[in-house]
Amino acid sequence: MHKVLCSTLLALAPVMLYAQAPAGAMQHEEKATPIKDGGIFVSGWKATVDAGAIKQGQSEKDSSFKAEAGGFHIMTGPALTYWDTKKALKGDYTVSATFTEPQYMNRNDHPHPYGIAIAGEGGNGLYCTAYGNGTFIVRGFSPDAFQLGGRRPTANDAVHKAAGPGQPVTQMIAMQVKGDTVSCMINGATVATYNKSEVVGDGKLKSTDGFAGIRMAHNTDVTVKDFKVSK
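Mind the numbering: the sequence shown is residues -21 to -1, 1 to 210 in mature numbering (1 follows the signal peptide of the UniProt record, and there is no 0), read in order.
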């Protein structure tokens, strides 16, 4: 059984060969605004673009992934997952990074999430992402999307809230594979834990092994610091 610690429920082989299924109803029918002169400008990183965006003729070139100030500056375009192809992981591991939305909701009229992705291999992936309104969501794809923890984002006191639109908000997000469990941690608190049997199997991940990465919703503007893997 999975454990989600919450306060309120709210109303690649190679990587580029696979389209990623849409993350869920919250993103459907909303137009992604392309980023001018976009693309991936950091060596060793690839992207998996959501299938819905591909159907609309969009690609990773409609988003921008650049090195900046010792980290990354990411602006999307379409929803997609960036994979660090230098970091193929097996067994137990933790992937973490610090995400800052400098101006909350500056490219959208409602909260959009961003966070850590793991198990990127052969169309697989699992991610935990945070919103600047104090909620988070866990999703996977294989390559079709599957849900963990319900259809809607989950509120948790550990997830930081922006003071308002245009204000900064920062989240430290990590995903950990340890023994028979997979956990999501946000700002030092474990907000959700799942047995591996809930994330690996028919219609889900083939394995929790694979690349580490960064998951971004469409129309977001985020800086990422301290992206790292620990064992």
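Just so you know, the hints here were simulated from the structure itself, not pulled from any lab data.
Take the hints with a grain of salt, since some may be wrong.
[Stated by the list, open to error] List time: in silico EDC-like cross-link candidates among lysine to aspartate or glutamate, alpha-carbon distance up to 16 Å:
1. Lys157 x Asp71
2. Lys69 x Asp188
3. Lys204 x Asp71
4. Lys210 x Asp188
5. Lys210 x Asp71
6. Lys66 x Asp205
7. Lys157 x Asp136
8. Lys69 x Asp159
9. Lys185 x Asp123
10. Lys175 x Asp71
11. Lys40 x Asp71
12. Lys45 x Asp205
13. Lys65 x Asp188
14. Lys207 x Asp181
15. Lys34 x Asp159
16. Lys45 x Asp88
17. Lys34 x Glu9
18. Lys185 x Asp159
19. Lys183 x Asp88
20. Lys66 x Asp188
21. Lys10 x Asp136
22. Lys175 x Asp188
23. Lys157 x Asp188
24. Lys207 x Asp16
[To be verified] If you anchor each label on the Cβ, the simulated ranges turn out as follows:
25. Pro81 x Lys40: 35 to 45 Å
26. Lys65 x Gln35: 42 to 52 Å
27. Lys185 x Val208: 12 to 22 Å
28. Ala142 x Asn174: 36 to 46 Å
29. Gly145 x Ala67: 15 to 25 Å
30. Lys185 x Ala142: 22 to 32 Å
31. Lys45 x Gly129: 28 to 38 Å
32. Gly180 x Pro147: 19 to 29 Å
33. Ala142 x Ser186: 36 to 46 Å
Source: prediction; values computed, not measured.
Here a beta-carbon is modelled for each residue, glycine too, at the ideal position from N, C-alpha and C.
* Enumerated hints in conflict with the structure, sorted upward -> 3, 7, 11, 14, 15, 16, 19, 21, 24, 25, 26, 29, 30, 32
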